[in-house]
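**Q** Once you know that position 231 of the sequence shown is 283 in the numbering used here, the rest is easy, because the numbers rise by one and skip nothing.
Heads up, a few of these hints could be off.
Below, simulated BS3-like cross-link-like pairs (lysine-lysine); rule was C-alpha separation at most 25 Å, straight line [what the hints assert, rightly or not]:
1) Lys149 to Lys328
2) Lys269 to Lys328
3) Lys149 to Lys213
4) Lys149 to Lys101
Hints in this document: simulated from the structure, not taken from any laboratory.
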Amino acid sequence: MNLNIDQLALLLAGGPREDIVIRLAAEHPADLAAALRMLEPAQAWGVLKQAERRRQAEVFGYLGREYQTRLATVTPRAELAAIVMDMPADERADLYKELSDEQREALMPALAQAEREDIRQLASYDEGTAGAIMTSDYAALPPDLTATEALTVLRREAPDKETIYRAYVIDADRTLLGSVRLQDLITAPAQARVADVMQRNTHAIGVEDDVEAAARKIARYDVLALPVVDADARLVGIITHDDALDVMEAEATDDFHRVGTITNLESSVATATIPKLYRARIAWLMLLVFGNIFSGAGIAHFEDTIAAHLALMFFLPILIASGGNAGSQSATLMVRALATGDIAVSDWARVLGREFAVAILLGLSMACAIAVIGVFRGGPEIAMVISLSMVLIVIVGSLIGMMLPFVLSRFGLDPATASTPLVTSIADATGVLIYFSIARAILAMP
Numbered sequence: 053m054n055l056n057i058d059q060l061a062l063l064l065a066g067g068p069r070e071d072i073v074i075r076l077a078a079e080h081p082a083d084l085a086a087a088l089r090m091l092e093p094a095q096a097w098g099v100l101k102q103a104e105r106r107r108q109a110e111v112f113g114y115l116g117r118e119y120q121t122r123l124a125t126v127t128p129r130a131e132l133a134a135i136v137m138d139m140p141a142d143e144r145a146d147l148y149k150e151l152s153d154e155q156r157e158a159l160m161p162a163l164a165q166a167e168r169e170d171i172r173q174l175a176s177y178d179e180g181t182a183g184a185i186m187t188s189d190y191a192a193l194p195p196d197l198t199a200t201e202a203l204t205v206l207r208r209e210a211p212d213k214e215t216i217y218r219a220y221v222i223d224a225d226r227t228l229l230g231s232v233r234l235q236d237l238i239t240a241p242a243q244a245r246v247a248d249v250m251q252r253n254t255h256a257i258g259v260e261d262d263v264e265a266a267a268r269k270i271a272r273y274d275v276l277a278l279p280v281v282d283a284d285a286r287l288v289g290i291i292t293h294d295d296a297l298d299v300m301e302a303e304a305t306d307d308f309h310r311v312g313t314i315t316n317l318e319s320s321v322a323t324a325t326i327p328k329l330y331r332a333r334i335a336w337l338m339l340l341v342f343g344n345i346f347s348g349a350g351i352a353h354f355e356d357t358i359a360a361h362l363a364l365m366f367f368l369p370i371l372i373a374s375g376g377n378a379g380s381q382s383a384t385l386m387v388r389a390l391a392t393g394d395i396a397v398s399d400w401a402r403v404l405g406r407e408f409a410v411a412i413l414l415g416l417s418m419a420c421a422i423a424v425i426g427v428f429r430g431g432p433e434i435a436m437v438i439s440l441s442m443v444l445i446v447i448v449g450s451l452i453g454m455m456l457p458f459v460l461s462r463f464g465l466d467p468a469t470a471s472t473p474l475v476t477s478i479a480d481a482t483g484v485l486i487y488f489s490i491a492r493a494i495l496a497m498p
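With the hints as constraints, model all of the structure from the sequences given.
**A** Now the structure itself:
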């Protein structure tokens, strides 16, 4: 980012407009947006209004939804409408969905009829579907045009389209027939028809399909955009690779939050308020507090064993942490594999056998490492207790971590909920029972 607070202050202070416009035009829209987010919305508009209209729309798209809505409240209606008209179709639909009812009622009459209908159509799709992130700014061609005629059409439409590197071939009913690359049109004979040059396999996705499936398709087939069709195979929009990247980043962020038992944090950490951060974290922490009571109850149940062999307490944190760590590793591997489609819920039996074998090897290796310490701290009997406990605790912890994502998926819940704190809490309580049960049996306590 090239602009800093001091430079923004100079822009706010005024000066020759020509110099300010040149300065703003020299910045990349993403860098300018990052700088503006450091200001209050009224100050940000004081800078942004001095830029050219197209640059205003470009910067607006990089501001993020939360800041966009804040900036929209201080932007004059006519100015906001002009910016919205210049924004890509999908971005203005996203902005529309974030505005309040009063803001929508004030904005919509200032827009052209075509833009109003387009916004309403794009905003009507449910969140999480392909339709919710698609854009209607795509290039379309009829199949009977020649290559020369097609290039003329694309040259005319280029300023208003998201991309023209691939155009979509449709018939009179807008049924998707195929797609054609700009490169192929340029190199084709002048009189070659689009129908003869196009590729018929478009890897299209349904408008109601999951947005993550669309992002995975774009990544799998390495395409710049993915056509979106309705139930009758008619082209209604495209999803570009940059929007797919945003989806994958957002989904990864949500998964990370769920792994940390953080819920419903819709804004970024940088802009989230203290009450919002509190609400996002308190529910699971309170639940886990009561979950950890089982660990304490287990320890209380074996007070006699602990009193007779205080050396057991030295190894308790090591053993419990080992089970939790092994379970967290397993859960992380399974959650990610399920999210990427590497494995399916139906693969649980195959994965269970392999995880059991790996857990045995891990437990034996960790038992060997800790057995030596056990001999010095409490003698051969204590060493035997901690060795057997380590093997069983690691096996059980690993299997808990592996199975929880499958169980949650089976019941239609997000497998990312099988998070580190949740797995650790369950593994802790189980580990306490395993450890002291083995200790009582080997040390011949009543």
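**Q** It remains to establish, for every hint, whether it holds in the given structure.
**A** Okay, the hints, checked on the actual structure:
no., hint, result
1, Lys149 to Lys328, "holds, 21 Å"
2, Lys269 to Lys328, "violated, 34 Å"
3, Lys149 to Lys213, "holds, 22 Å"
4, Lys149 to Lys101, "holds, 23 Å"
The structure is inconsistent with hint 2 alone, although it conforms to all the rest.
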